[in-house]
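Undergrad: Go by the hints and put chains B, C and D onto chain A.
Number of protein chains: 4
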Amino acid sequence: MASIQDGHDDREIALDRVGVVNVVYPATVPERGGGVRSTEATFALFGELAEDARGTHLSRFVRVLQSDERILEPEHLERLLSSLRDALGSASASAEVEFTYFVPKVSPVSGEKSLLACEASYEATLGAGSTGGAGAAGFDVVLTVDVPVMTVCPCSLELTSGPAHTQRGHVAVSVRFNGQVWIEELVELAEDCASAPMFPILRGEDERAVLEAAYAKPVFIEDLVRCVAERLDSDVRVTWYRVEAENLESVHEHDVYACVERER
Amino acid sequence: MASIQDGHDDREIALDRVGVVNVVYPATVPERGGGVRSTEATFALFGELAEDARGTHLSRFVRVLQSDERILEPEHLERLLSSLRDALGSASASAEVEFTYFVPKVSPVSGEKSLLACEASYEATLGAGSTGGAGAAGFDVVLTVDVPVMTVCPCSLELTSGPAHTQRGHVAVSVRFNGQVWIEELVELAEDCASAPMFPILRGEDERAVLEAAYAKPVFIEDLVRCVAERLDSDVRVTWYRVEAENLESVHEHDVYACVERER
Amino acid sequence: MASIQDGHDDREIALDRVGVVNVVYPATVPERGGGVRSTEATFALFGELAEDARGTHLSRFVRVLQSDERILEPEHLERLLSSLRDALGSASASAEVEFTYFVPKVSPVSGEKSLLACEASYEATLGAGSTGGAGAAGFDVVLTVDVPVMTVCPCSLELTSGPAHTQRGHVAVSVRFNGQVWIEELVELAEDCASAPMFPILRGEDERAVLEAAYAKPVFIEDLVRCVAERLDSDVRVTWYRVEAENLESVHEHDVYACVERER
Amino acid sequence: MASIQDGHDDREIALDRVGVVNVVYPATVPERGGGVRSTEATFALFGELAEDARGTHLSRFVRVLQSDERILEPEHLERLLSSLRDALGSASASAEVEFTYFVPKVSPVSGEKSLLACEASYEATLGAGSTGGAGAAGFDVVLTVDVPVMTVCPCSLELTSGPAHTQRGHVAVSVRFNGQVWIEELVELAEDCASAPMFPILRGEDERAVLEAAYAKPVFIEDLVRCVAERLDSDVRVTWYRVEAENLESVHEHDVYACVERER
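Line by line, the protein sequences are chains A, B, C and D.
Taking my numbering, the leading residue of the first sequence gets 243, the next gets one more, and so forth.
Taking my numbering, the leading residue of the second sequence gets 243, the next gets one more, and so forth.
Taking my numbering, the leading residue of the third sequence gets 243, the next gets one more, and so forth.
Taking my numbering, the leading residue of the fourth sequence gets 243, the next gets one more, and so forth.
Bound conformation, chain A alone (with noise of 0.2 Å):
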């Protein structure tokens, strides 16, 4: 039988995008240390939809995804688009998943072990020019790292001679790249850059370390955007990248903001 969605549409409006959001599904990310880590991603699959098509088959992105071995890591991403244009017989394919990444982190001064979770994403697009093979002309993919840091206020430090207010911030960072990037990279440059970073589990002889370290080092949201861009414009991998940081003051409800981005 015919579907409906394979008849024409007059109306000549090309769709940017058409696909399934909120999608959660098993998949592995691979880990620096050389395994692979199970965990769970939300995924958001798109087409594009030409102009004289009346619709997609909606079904077929859930069945590329409970096809594919879902592995998030650029590479794989493309096959995974690969398969989904193929599917779809669409001019290009893209793709947005979110999942949670562990960090390993040993407490300054007592050694305890623990892991913090960092929240990541993938935005992936494969054009109409690529042949979907490794490293192809027309594969773009942007990895997103938010890092959860501590920032020391320096103007309250100066303010008071003393009693400065401290927060949680996050940096989100995201780069486009040239070969191998991994997460845990991007979170410790968001690390170095802040006042402290920050460790699920500290003993008293640890928090005293990390305190005495962050009020050496106070800074401003803007300085620690600065800090993460000056080091990715020194980095070759790095193409292009979006630094965005935000402050949950201590002092007030409201949060700040600052942000950067640069193409190479």
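Worth flagging that the hints you see were computed from the coordinates, not collected in a lab.
Do not take every clue at face value.
Identical copies carry no separate label here, and so any pair may be met within one copy or between two of them.
Said to hold, decoys possible - Only pairs whose alpha carbons sit at most 16 Å apart, straight line, appear in this in silico EDC-like list of lysine to aspartate or glutamate:
| hint | residue 1 | residue 2 |
| --- | --- | --- |
| 1 | K355 | E311 |
| 2 | K459 | E400 |
| 3 | K347 | E273 |
| 4 | K459 | E433 |
| 5 | K459 | D434 |
| 6 | K459 | E354 |
| 7 | K459 | E338 |
TA: Structure of chains B, C and D alone, referenced to chain A:
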């Protein structure tokens, strides 16, 4: 035409609550200063369903809301529930209403005026035995105000003899009461028990004053909750309370929590 | 006292946006009928930061908001941004404002009146070249209205010759425009392109009429988006648009999505 | 060094719960089929605080979690709580754990395999009198599974003799029980009481079969809740239940809700 909802159900299972949720409607809220403020509120409205009744006329819930004045105060909510109970032919009716309340703030040194947004809610039930008159038996109402505050950690102050971690916290104060309790009173109570209140605008001289006062009054989350509880214990109007606090720890990605609930 | 924010930064990295987010403040919104409605809005306010400037005076953002009348319409937002730009000494300023807008509805048969809550937002930027006067070059504003609608699936109607699946959908219509565009116009546009509009109150006779009309007008999500786009194409006031729709499929746990964006 | 938390508090206010919330950690969950699946869970962990104790050692919560195997099943959660209670020196300990559970689905005609994501949680408490051994007195656990389903409105079917409204719904089934209850059992129970279950992948022939079956079994939200309740009433393992359902009405912007709770 007899509605299918009016049919008989023979499973002998009465339902505790049937109704509508996530209904967003304009409302007004009285302010301590004397006026009323227009706001928008999210309503959940419920009746109970007798074991022999097939269904509820769900359109009646929003009709009652539409024809009501929607004044967010206990006495008026009782009238709303009385109307709802009558419209449903239900033995009882209940409502949950969430809204934003703005509290005027003046910064401590420069005198900058601003408005602090606090989330507030009423949970009200009009029981079977009530006539719906003011102060009638069978009417129960809980007022909750969620107050953003600042806390300075006493432990870190002692550990380091200086550099402490500070963070944004929230205290949700819920009360059952006789007579009148203003939202502003619960806000002030929570602020008095924290290291410092929050001001949406702080100039440099304000920030210094806030931080010096906050560091002179470090509080654990346990201290914060107990302080609020102790004051509510001595308030003759309050017949029941629950105090919940959450600290957005600046040295951790997770939050810390404390809760106490007491009936007089 | 010279503030530490006024210091020099030698990293030569200008920041695209620095500011405050999640600031909840009272506001008013003009209605097509002629009046204004009090509301509360969530503001994000940004300046840019020159490459040689260390930091931004973040307290100035909320001070500008506090001293402003906060009328949610393009002309007024331009004045707000002009004040913000001056207060910051920034080359440009921008704002994002989210609020709830109530649209009066009358049910189709019984004539029951009710209010439909739609989420709306303005994203506005006042650029470097603008004087901030009304209609000045360098002022850009996007109005978005998110309209809840009902859709009937054409495919399922054809498959079964009767039993179709229907669902709640949302259409987010974003426009840049010359002159005046009322929020109500975008709501009506989205509703006209759906299978049926939404009414908070439906009596039995209304529900029958809505369903019969909806089944006579089944739409794929692609149809919905194209219909809105076609109408915006023919509206001479609209210089750019983006139409995004999301259907909360009743046969699936995930949602389906379509999007088209066009510049005239 | 004696910690400040170990100090004395003389306010004579014991706290019901003190602990950590929003702790995201890897975990495993046993599946009915025999294996275990890796997942990530959001943990809240609490102790109580005696009236004479100043504070809780909050770092101990995540240390207990880190050293635990984190297997999401009642028996193991009891061991986790026993460890936590010992580490805190608290009279009792409790935990809330939220996670995603994947249920294998096979579409009814074409046999397409897919995975349906259901949100699940355990709320567990180990009381003062318990030794922490398996099945010990003083251990209480509630399992909740939130099951997405489809509902067809009986009223609209009757009103129109054809065109009905259908929608996505959710049924949250919570149980206390003796012995073993699999998450899959609660999913099947909720699906059996709805108009139709959900399948992430439906081909045309599947969709037709699902819709025809659903229209042959229209259910009000009251019917859905009562059906689940009636089956739980007849399950000898279940000692308490709460059934909550929410329908995302396709003709309204708001949701409808029903709830029943019973102790055997």
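Undergrad: Run every hint past the structure and note whether it holds.
TA: So, going through the hints one by one against the coordinates:
1. K355 - E311: between (31 Å within a copy, 14 Å between copies)
2. K459 - E400: Only inside one copy: K459 and E400 sit 13 Å apart there, 20 Å across copies, limit 16 Å.
3. K347 - E273: Intra 14 Å, inter 30 Å, cutoff 16 Å: intra-copy only.
4. K459 - E433: within (12 Å within a copy, 30 Å between copies)
5. K459 - D434: For K459 and D434, the Cα distance is within 16 Å only inside one copy (10 Å; across copies 32 Å).
6. K459 - E354: neither (23 Å within a copy, 30 Å between copies)
7. K459 - E338: neither (36 Å within a copy, 32 Å between copies)
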